[in-house]
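**Student:** Sequence:
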Amino acid sequence: MAPTNERHMNDTSSKASESPAEPKGKRPPVLVDGVTLNGPTLDIREAESFLREAMPIIMEEAVWKATDVKEKVCEWRSPEQLKDLLDLELREGGEAHPQILQRCRDAIRYSVKTGHPLFFNQLYAGMDPYSLVGRFITEAINPSLYTYEVAPVFLLTEEAVLKKMIEIIGWQEGGDGIFSPGGSVSNMYAVNVARYHHCPDVKVLGLSALPRLVMFTSQECHYSVSKAAAFLGIGTNNVYVIPSDKRGKMIPAEFEKQVQRAKDEGALPFMVNATAGTTVLGAFDPLEEIADICERHNLWMHVDACWGGGALMSKKHRYLLQGIHRANSVAWNPHKMLMAGLQCCAFMVRDKTNLLQRCHSAQASYLFQQDKFYDVSYDTGDKSIQCSRKPDAFKFWLMWKAIGTKGLEERVDRALAMARYLAEEIKKRDGFRLVMEPEYTNVCFWYIPPSLRDTADGPEFWRKVHAVAPVVKERMMKKGSMMVGYQPHGDKANFFRQIIISPQVSREDMDFLLDQIHSLGMDL
1 MAPTNERHMN DTSSKASESP AEPKGKRPPV LVDGVTLNGP TLDIREAESF
51 LREAMPIIME EAVWKATDVK EKVCEWRSPE QLKDLLDLEL REGGEAHPQI
101 LQRCRDAIRY SVKTGHPLFF NQLYAGMDPY SLVGRFITEA INPSLYTYEV
151 APVFLLTEEA VLKKMIEIIG WQEGGDGIFS PGGSVSNMYA VNVARYHHCP
201 DVKVLGLSAL PRLVMFTSQE CHYSVSKAAA FLGIGTNNVY VIPSDKRGKM
251 IPAEFEKQVQ RAKDEGALPF MVNATAGTTV LGAFDPLEEI ADICERHNLW
301 MHVDACWGGG ALMSKKHRYL LQGIHRANSV AWNPHKMLMA GLQCCAFMVR
351 DKTNLLQRCH SAQASYLFQQ DKFYDVSYDT GDKSIQCSRK PDAFKFWLMW
401 KAIGTKGLEE RVDRALAMAR YLAEEIKKRD GFRLVMEPEY TNVCFWYIPP
451 SLRDTADGPE FWRKVHAVAP VVKERMMKKG SMMVGYQPHG DKANFFRQII
501 ISPQVSREDM DFLLDQIHSL GMDL
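When we follow full-length UniProt numbering, the leftmost residue of the sequence shown carries the number 1, and every step to the right adds one.
Honestly, the hints are just simulated from the structure, not real lab data. Glycine included, C-beta positions come from ideal geometry on N, C-alpha and C.
Okay, derived cross-link-like pairs now, DMTMM-like style, lysine to aspartate or glutamate, Cα gap no bigger than 25 Å in a straight line:
1. K473 - D509
2. K72 - E61
3. K263 - E288
4. K164 - E288
5. K257 - E288
6. K473 - E80
7. K316 - E288
8. K315 - E289
9. K478 - E508
10. K473 - D491
11. K249 - D491
12. K263 - E295
13. K478 - E71
14. K352 - D375
15. K227 - D201
16. K478 - E75
17. K164 - D413
18. K479 - D509
19. K163 - E173
20. K473 - E460
21. K390 - E167
22. K427 - D413
23. K164 - D375
24. K428 - D511
25. K72 - D509
26. K401 - E159
27. K401 - E167
28. K478 - E60
29. K464 - D491
30. K352 - E288
31. K479 - D515
32. K163 - E288
Simulated restraints on C-beta separations:
33. G404 - A467: 44 to 52 Å
34. Y110 - G407: 29 to 37 Å
35. K65 - N38: 41 to 49 Å
With the hints as constraints, model all of the structure from the sequences given.
**Tutor:** Shown next as structure tokens:
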């Protein structure tokens, strides 16, 4: 940070010849409404000192220790305990820097370390150094991606990333896209764009001008689909849920039956949401067959590949998304399998007619002036439903530049290989039972304590098994040893859902996972 007297860059020789000499000494203060306006109020040197003290704390506590397998994943405290520890009340006066630095340490200490090798709780994990540096840069510069004039580097990197992702999807004629604040919002984009595509008058005339619209999705879809229907005024009753098979995949024949049902009711079927990588089971819907039905019935086909899209980077595993090139739109979150860091979510459409722009633009004249001195086609913000928008693509671009497409492919291949190793180990061990063979890196399994291993399967057995996972989860979190998710699913008792992503995870970590669950639950 430059001192106050170095704030303004100017040619002093020209200034001296063009301006009258400044009087020596301090200029008199300027007061407006009792406020002194001379100079900045921020003490630049004090701010610089604080940053220099804070950054080593961040690096040591939030980066190095937080990714060290020998450290805890979490330091569990109850909400009431944590409220007392953090002293959350906001007061009139500020605190001294040493106290603020301690607050930084406390915030890190009591947060879950999602970059830790033993954090398996969600569909994101690990810490990529290049992505992290990308986030440091964008947080420091603090841009907003509405116009080229305020975010030139970040708009161009977003364009480059979207172009490459569209190429990988297989849209040979190209497409369009934008990064959104989450996969849920990407799915909402899909519903809105699909509706506009079928009924363009909705933008001006609203819902009253529309017929009853019906959309389709599988019973295994992400909950954001029904939220999108509610949020956009379609109504959750008009989301027809398609049964899935025992592996969690949409059944195409049942999908077509529901399309015909909607037509028979006099409704207008307009889109289907297919899932590539379901949240719990990691299932991939049969995209080719779904695309055939969409073509027969003129439906918009959206693929929620937020989780499973990473498999497209792998020559070995991209078959899981066979047919995705036939989709009209795709949601894909690089912050998940590809470790780009939260949040990094792309929404893309197979369209070259400015559909996103036509659907969402408001043509705000204070931002999107058409007589600017540069090519205003780079002012992409009017395609978005947001105004302010973070440069989420930059960290992914920087990481991709650092490790290359090959490096991303190796990450995906290793994660799936590690999932296969864990599944085989589960089959070898007493007391562990797979829910099903994993198709992706979701490894779902039950732990059966010794007290239940001689009990015959039946309602009472499964009632007791249902109670095991919550207790084991509580114990592991209070110990801080690791984090693994669990849930019931349909008529199935609670089971663990192990998610494998990070290249930091080793075979020994998989062995530790199973040993630790047994150690924590063997007395149940």
